[in-house]
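These protein sequence lines are chains R and B, in that order.
Take any residue in the first sequence, count from 1 to its spot, add 45: that is its number in my numbering.
Take any residue in the second sequence, count from 1 to its spot, add 942: that is its number in my numbering.
If you are wondering where the hints come from, they were derived from the structure by calculation, not from laboratory data.
Idealized CB from N, CA, C, for every residue including glycine.
Check each hint, because a few of them may be wrong.
As the list claims (entries may be wrong) - Simulated coverage check for chain R against chain B, where a stretch passes if three residues somewhere in it have a Cβ under 8 Å from a Cβ of chain B: (1) 90-102; (2) 143-152.
Said to hold, decoys possible - Below, computed lysine-lysine pairings styled on DSS-like, alpha-carbon distance capped at 30 Å: (3) B:K966 x R:K106; (4) B:K1010 x B:K1020; (5) B:K1020 x R:K103; (6) R:K140 x B:K1020; (7) R:K140 x B:K966; (8) B:K1020 x B:K966; (9) R:K155 x R:K114; (10) B:K966 x B:K1010.
As the list claims (entries may be wrong) - So the derived label-pair ranges between C-beta atoms look like this: (11) R:Q87 x B:L1039: 23 to 29 Å; (12) R:H55 x B:N993: 38 to 44 Å; (13) B:I997 x R:L91: 18 to 24 Å.
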Amino acid sequence: AQSVSQHNHHVILSEAASLELGCNYSYGGTVNLFWYVQYPGQHLQLLLKYFSGDPLVKGIKGFEAEFIKSKFSFNLRKPSVQWSDTAEYFCAVKKGGKLIFGQGTELSVKP
Amino acid sequence: DAGVIQSPRHEVTEMGQEVTLRCKPISGHNSLFWYRQTMMRGLELLIYFNNNVPIDDSGMPEDRFSAKMPNASFSTLKIQPSEPRDSAVYFCASSLLSILASTSSYNEQFFGPGTRLTVL
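Pulled out of the complex, with its shape left as it was, chain B reads as follows (with noise of 0.2 Å):
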């Protein structure tokens, strides 16, 4: 398996532009998640969808981001505009959910490389 896959890896843009990150999970995963690492603020969870649907959105920072699952194995994540604040690495990860919560394979997420964010 090729793992969680992002891209780009980079992105360097220009304040205002919109810019568009992509995440394709592991086969099979059924929940997708969107992180932020700063030095600021360390890892932040911005949003995770459970077989496509958005389930907690309470990380996005404001309306400015958006995040889509149009099908199991595609995810975007959209700033529009962007600002310089919004320069980080972005993390997408993905899981298997199983409603056996017990079990021990539940729910370990495994992470992309990660796109970096520079708003200039």
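Looking at chain R on its own, in the form it has when it is part of the complex (with noise of 0.2 Å):
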């Protein structure tokens, strides 16, 4: 079935390290791809987006996504994680009229 597949459950690291979260669609054509946060108790933001163009997206608060189509790769990094940082990330892929979302990575970061 097509999905949209987060490998990563839960990622334990310490501050300053680097990240990088896992996300793998199955879809094909073209795709519109999305990474959302989800801080404890709120609801869903966006990231950043990839639509077309420089596979390479920057988001906000220093995130980025690498876009690989060979892969069906869209995965997140960022180079220093903060504490504030801990909260809950989505990967999502457009399709027809709607996102399709990936299960979810919870990130902690531990001071």
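Join these two chains into a complex; the hints should help.
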């Protein structure tokens, strides 16, 4: 079945460590890709999005993601995480008129 | 702009009762989405509307769930009768659907704060 996969369910890092969260999708053709973040007790907020052009997308709060079409991947990265990055991160693919979300990755950053 | 508004923020009810969740999308947006989030199943799309018309309701779990959008500024998600397994956080999101699919402003969804539903 077509899907969006986030392989890391829970990631624990110390402050200043580098972050990479994996996202793979199985949809063919043109896709629009998103990363959303959900801070504890809050709603989802958009971190970044890819529609076309430069496959390296920069988002808010120092996050970036790279679209690799041949690998069907859209991994999220940040060179140095902070305690305030503790949250759940969702990758999503827009197909048709709707977003298909991955299961989410919970990131815990230790101070 | 106040963003997407959902009410109530919390709802606790007994099994068998009717539950109605409400959503006010961002003014000017023409697409509205209802999601359910649980630990077990993650974030699931239940139904979405374009221009007040339901487009895809394949995510609606069963006939106990129904959603309406009587006008561009209001939508409801109703569960009747409610069951404990319906306990979840229900999010509403809205976006502006453009016929120009390549524009960068297309289809960013803005989420509301969610309604945390507990069915006892």
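Decide if the proposed pair is consistent with the structure: K1010 of chain B and K1020 of chain B, CA atoms, cutoff 30 Å inclusive.
8 Å, holds
Is the hinted pair K966 of chain B and K106 of chain R satisfied, with a Cα-Cα distance of at most 30 Å?
It holds: about 28 Å lies between the C-alpha atoms, which stays within 30 Å.
Tell me if the straight-line CA distance from K1020 of chain B to K966 of chain B falls inside 30 Å.
15 Å, holds
Can the restraint linking K966 of chain B and K1010 of chain B be considered satisfied, given a maximum Cα separation of 30 Å?
12 Å, holds
In this structure, is the beta-carbon distance linking H55 of chain R and N993 of chain B contained in 38 to 44 Å?
40 Å, holds
Between the region 90-102 of chain R and chain B, see if three or more residues pass the 8 Å beta-carbon test, and mark the coverage as holds or violated.
Coverage by chain B holds here, the residue count being 5 at a Cβ distance below 8 Å.
For the pair supplied as a hint, K140 of chain R and K1020 of chain B, is the alpha-carbon distance within the 30 Å limit?
Within the cut-off at roughly 26 Å; holds.
Can you take a look at whether the region 143-152 of chain R is actually covered by chain B? Rule is 3+ residues, C-beta closer than 8 Å.
This one holds; 7 residues, not fewer than the three required, reach chain B with a Cβ under 8 Å.
Quickly compare the C-alpha distance for K1020 of chain B and K103 of chain R to 30 Å and report which way the hint goes.
At roughly 39 Å apart (the allowed maximum being 30 Å), K103 of chain R and K1020 of chain B break the hint.
Looking only at beta-carbon atoms, does the pair Q87 of chain R, L1039 of chain B fall within the given range of 23 to 29 Å?
Since the Cβ atoms of Q87 of chain R and L1039 of chain B sit about 25 Å apart, the hinted range of 23 to 29 Å holds.
Measuring from beta carbon to beta carbon, are I997 of chain B and L91 of chain R in 18 to 24 Å?
Since the Cβ atoms of I997 of chain B and L91 of chain R sit about 22 Å apart, the hinted range of 18 to 24 Å holds.
Given pair status - K114 of chain R, K155 of chain R, alpha carbons within 30 Å
Not satisfied, since the Cα-Cα distance of roughly 33 Å exceeds 30 Å.
When held up to the earlier numbered hints, the structure conflicts with 5, 9 and fits the remainder.
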